[in-house]
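Turn these sequences into a full structure, and let the hints guide you.
Chains as they are written, first to last, in our numbering: chain A, 1 to 237; chain B, 1 to 237; chain C, 1 to 238; chain D, 1 to 238; chain E, 1 to 257.
Simulated from the structure, these hints should not be mistaken for laboratory data.
It is possible that part of the hints are untrue.
Unchecked claim - Quick list of the computed label-pair ranges, beta carbon to beta carbon:
id	chain 1	residue 1	chain 2	residue 2	range
1	B	Glu170	C	Val4	49 to 57 Å
2	D	Ile123	B	Ala120	39 to 47 Å
3	E	Thr101	D	Ile123	36 to 44 Å
4	D	Lys87	C	Ser9	43 to 51 Å
5	B	Ser58	C	Leu22	39 to 47 Å
6	C	Leu133	D	Phe234	40 to 48 Å
7	D	Val235	C	Asp101	42 to 50 Å
All C-beta atoms, glycine included, are put in the ideal place defined by N, C-alpha and C.
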Amino acid sequence: MQAAITTKKLSKVFGTRKAVDNISLEVPQGAFLSIFGPNGAGKTTLLRMLSTLSRPTSGTAKLMGIDLKEDADKAREHIGLISHNSMLYPDLTAEQNLLLYAQLYGVQNPHERVMEMLEAVELKHRRLDVVRTFSRGMTQRLSIARALINDPDVVFLDEPYSGLDPHAVEIFDELIASQREGRTFVMVSHDLQKGFDMCTHALVLARGKEVAFGPKEEFEFGAFSLLYRETVGMGVS
Amino acid sequence: MQAAITTKKLSKVFGTRKAVDNISLEVPQGAFLSIFGPNGAGKTTLLRMLSTLSRPTSGTAKLMGIDLKEDADKAREHIGLISHNSMLYPDLTAEQNLLLYAQLYGVQNPHERVMEMLEAVELKHRRLDVVRTFSRGMTQRLSIARALINDPDVVFLDEPYSGLDPHAVEIFDELIASQREGRTFVMVSHDLQKGFDMCTHALVLARGKEVAFGPKEEFEFGAFSLLYRETVGMGVS
Amino acid sequence: MSVVLKTPSTFQQYKTLLRKDLEQEFRTKEMITSMGIYALLVLVVFGAALGQTTQALDLLQVSGGLLWTLIVFTSLLGLNRSFNHEKEQGCLEGILLVPLDRSVIFLAKATSNILFLLAVEVITVPLFYFFFLTAVTPGESFWLLVLPLLVGTIGMAGIGTLLSTITVNTRGKDVMLAVLFVPIIFPLLFACASATTAIIVGAEGAMDVFYPALLLAAGYDVIMLLLSWVLYDFVISA
Amino acid sequence: MSVVLKTPSTFQQYKTLLRKDLEQEFRTKEMITSMGIYALLVLVVFGAALGQTTQALDLLQVSGGLLWTLIVFTSLLGLNRSFNHEKEQGCLEGILLVPLDRSVIFLAKATSNILFLLAVEVITVPLFYFFFLTAVTPGESFWLLVLPLLVGTIGMAGIGTLLSTITVNTRGKDVMLAVLFVPIIFPLLFACASATTAIIVGAEGAMDVFYPALLLAAGYDVIMLLLSWVLYDFVISA
Amino acid sequence: MANAKKSHALPEGGQWPDAIAFWAVLAGAVLTTIGFLMAFLYAGPVNGASVDGMPEMIGGQMVSSKLLLSQKIFYFHMPVAIVSFGALAFAGYYSVRFLMTKNQRYDTCAKVAMEISLIFVVCTMITGDLWTRFEWGVWWTWDPRLTTYLILMLIIIAYFVLRGFIDEPERRSIYSAVVSIIALVDVPICLMITRMIPSSIHPVVLREGGMTGDMGMTVGVCMIGMILLGFGMYRLRFRQVRLAQRVQALKDELEEN
Ligand code: HEM
Ligand SMILES: Nc1ncnc2c1ncn2[C@@H]1O[C@H](COP(=O)(O)OP(=O)(O)OP(=O)(O)O)[C@@H](O)[C@H]1O
Ligand SMILES: Nc1ncnc2c1ncn2[C@@H]1O[C@H](COP(=O)(O)OP(=O)(O)OP(=O)(O)O)[C@@H](O)[C@H]1O
Ligand SMILES: [Mg+2]
Ligand SMILES: [Mg+2]
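So, in structure tokens, the structure goes:
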């Protein structure tokens, strides 16, 4: 089977700073890749390149076999992204927000699909409320619904847990678990335990460079934990 | 010895919503109070009232024996606060920022005190750099220096760990530990383990009301953890 | 339920994006009220400024310039806010994640800006007439005013959309937009003001000024809109 | 080292706060550049608007109004930014945590706003003269212009500081500030514009208009500043 | 691919034009000085009138000596104006190249060209304005040419303000490239406006029948001088900026290893 994500010598330079430096990965379909690293390691930058929001300075990246440089629009059909921002319009209702994205993606039965997703995140009863009035947890749930509305094959998560209370975390975990079948996930996290538990593959970055990458089986938690601590101890670049 | 913080039936109402509802506490000097609770429980609101940034709707609060309503300015001499915001001017240097606060507080040897604090947070070599260019971890350290510049007796911390990488967390922990002697700390956190480990007193809030409060000895971690989970499970109010 | 995707036509996407802006405005009425109030305030300030004259001033002569100054300031305000909405929760990135032609985003945003600006003009131009022109007698083909208004509005909203996409990412967005927008829009402003003045004064040979000026404005519109359209992809992906 | 606190005098705190604003500006030069450029743009737009006239317009008659319109818009911009700085990283709360009299914050902020506005005027008024008044002959006691400028600037910065403290916490701050600022400042604007026009035209009996207008403006200043000072505590602790 | 590789290689040091940059500046300065002398000593006043302190009759109009002297400004005013447009055109060209290749080098080129054009624009304003003072007796009028040119200057200033207000390098170069391309639209308008709006009082030489030989000669010398000056200044400045970037890049590389 074709790999979900393939990168070759992927780099991103901001001015003279190499935020991502020569990263080559291959992540199979259905995998769950956790990305670790200290502040400023280039995790967000890597995720943004893979989700076509920013262009690599050099190197190539393929998503489901599609070259991101050559056919970004085709690749976008397969991508879902949950970032720090909810990407929801605060002055539209939950339903209007999802409908907007469903129609932009060209989902065939947009109204039904929106209802289905609202049910999945337990927000159907609040669908006519404006997002501005939602609490943080509710917004996060809706944001998940938004990211999955086009049934993406690859889902990117950038520190999805930050600021959630434990209950919100639970709900989120359940949702992710129910969606893992057949999907590829890439998650950035500062929580080693959690990130390691969930993953099938792990990547450690420091100063834009790959420190370790491989399927989980190759790592033993103790050693990996040590490696991670060491990497993080290198400090902010 | 006089209590560091005493509140009696403290309440704060926003419109019709009771954000903090009839909270009565007594925290002795030198204690470390951890506040837990789901999103929207009123933790931040309580902290803001205790640090004189917002006025209670009803009830009284005393800090080091000073009534906050009657003599807020006197109380302010004893207060240090680290909130989500760094409260630092991005366009001034680290030194200028600290000096500003030192002089406003009327610290007697402002320049020496600033140097001392810069050394304590290991930022002396960067003192002439503008805060805008600091990484998140560096900003957080400087923010700690700012909060402690007037040698406050009571320090309030609102989710100080959010977004820090493990190394930054370590540094922060060490700093707090070195400053605990003779000071009272009040910390809001979503991390039960960590918050419980550090504290001498614990408070659980839900929908503005006190669910549990007491010195740590009164709680057993297992039971407390259960109580906390239950409270948080009540969901966003 | 299995999800079937069928890439929608560009026009459908355009409609979806435009509808989003309109729905938002319909709910909050923020853009139109704030632009309207601002325009009114600017009118009042102008009135006060010109009311100083002890001798009667030939208001007809300056009215074209005044009207366009008013429109420039008001559209500055509207443009500033229109992209703030998109940035607020990172919504713009959400849209960029969707497989669609970048220029659709430009066209939809420019259209909604044009519509809001026109809506505001429908209120302010009569007010302007009321405040400044009832005391004097404007030329009889006064209604031709709509032509420069239309051409000017389209051009301003078009270039403004490009520029506000740029400035929403810079420090001090409001000033930056003004600093870029006013000089770049200037030829258009100039032509439209000429045409408007010619119409309002309605002197002999007014049409000899009116049509060339209008043509100039229209030409500028075409060039600038094309340029904005081409360059938009670079700006929005930066 | 043991830390000894000695409550500093109000004046020392005032100096410290004011120095902070100046240091910040000194480093970024953001306020003065952006206000300066904005003022220049407004000048150019006015020039173009008035340059439309085919007959020579009596520029002297409107120049007072123009100058004050320019100042109102520029100060609107500056006021908007000056509190944005304080909000950016929650700095205002940091200051509020310090035991100090709230009115010191008002005085320091008003002073820095006055200073920035004056600095901008030092650049723009000569430019204004250059663009509009070199072709005509303004009255001979032209230099008296500094009086209404000073009185007007102080009043605008004072009330503006109070109002921008209010609006920085509201949605759509820029419009809200304009909506409150322009009507409240209006009497001052009017008086200053009268005084300025009288001076610039320099006709016979100009002084009969000038001094009463100036006095009116000064009176308005005093009342408003006192009011702002008293009310500031409520506003900033809200 | 080759381009992408080059773009994050070290900024290169000097190139061949740098060798002649200094000489170009020198030659430009010399030619301009010669032009200056020619303007007063060689080129005759308009229509062979003589400067003797007495008003002359030219084309049915009385023209004072002061005006005849101020006409000399023309020999500098026009070349400077032309060079300012030229520099802008180059900036636009490099901006397009930058957008096509994303090669940082072109961004630097465009920025330096903009700087040069700003210098020349300011010189045009100064010379033009001196002329305005003598010819029309005012410091400023809202003549279309003067206004459009002032606007052009404002756009160039806006370009630099924009650069100053963006912290991320990539964004900065893309945005400023777009702005400088848009700015280019103003150039033909500025050039054509005297021809399009007949009411404009700014003179148009080509419309009014041209110059005599000696005047043309002087203008030519000044023109070449100014072009050389512009080119030389551009190269010198470019080299300086580029070397500074190189030093920065080397420093970063050292820090990293
Ligand atoms: C600030 C004031 C002025 C500015 C910004 C300005 C700008 C320019 C510019 C940009 C050009 C070159 C473009 C072209 O050839 O059309 C130019 C050319 C010229 N200017 Fe000016 N000018 C100013 C004032 C004047 C004045 C007062 C005079 C004479 C009374 C004058 C006479 C000329 C002449 C004769 C040319 C050559 C025109 C041609 O070959 O078409 N300029 N000026
Ligand atoms: N737009 C940008 N312009 C310039 N430099 C940038 C930009 N974005 C990121 N960087 C730099 O690139 C490096 C990597 O940043 P990135 O945001 O990818 O870090 P991260 O691994 O996500 O860190 P964190 O854990 O703090 O989120 C940092 O040094 C940062 O300063
Ligand atoms: N300024 C305000 N105006 C109106 N309501 C407010 C305001 N600030 C807080 N609230 C409401 O008061 C309640 C308590 O808010 P608070 O910020 O104290 O929660 P919290 O416990 O800090 O939650 P979190 O864990 O999300 O930070 C919430 O329901 C919130 O919506
Ligand atoms: Mg990140
Ligand atoms: Mg909180």
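For this session: Please write out, lowest number first, the hints stated earlier that are contradicted by the structure.
Result: When the structure is compared with the hints, none of them turns out to be violated.
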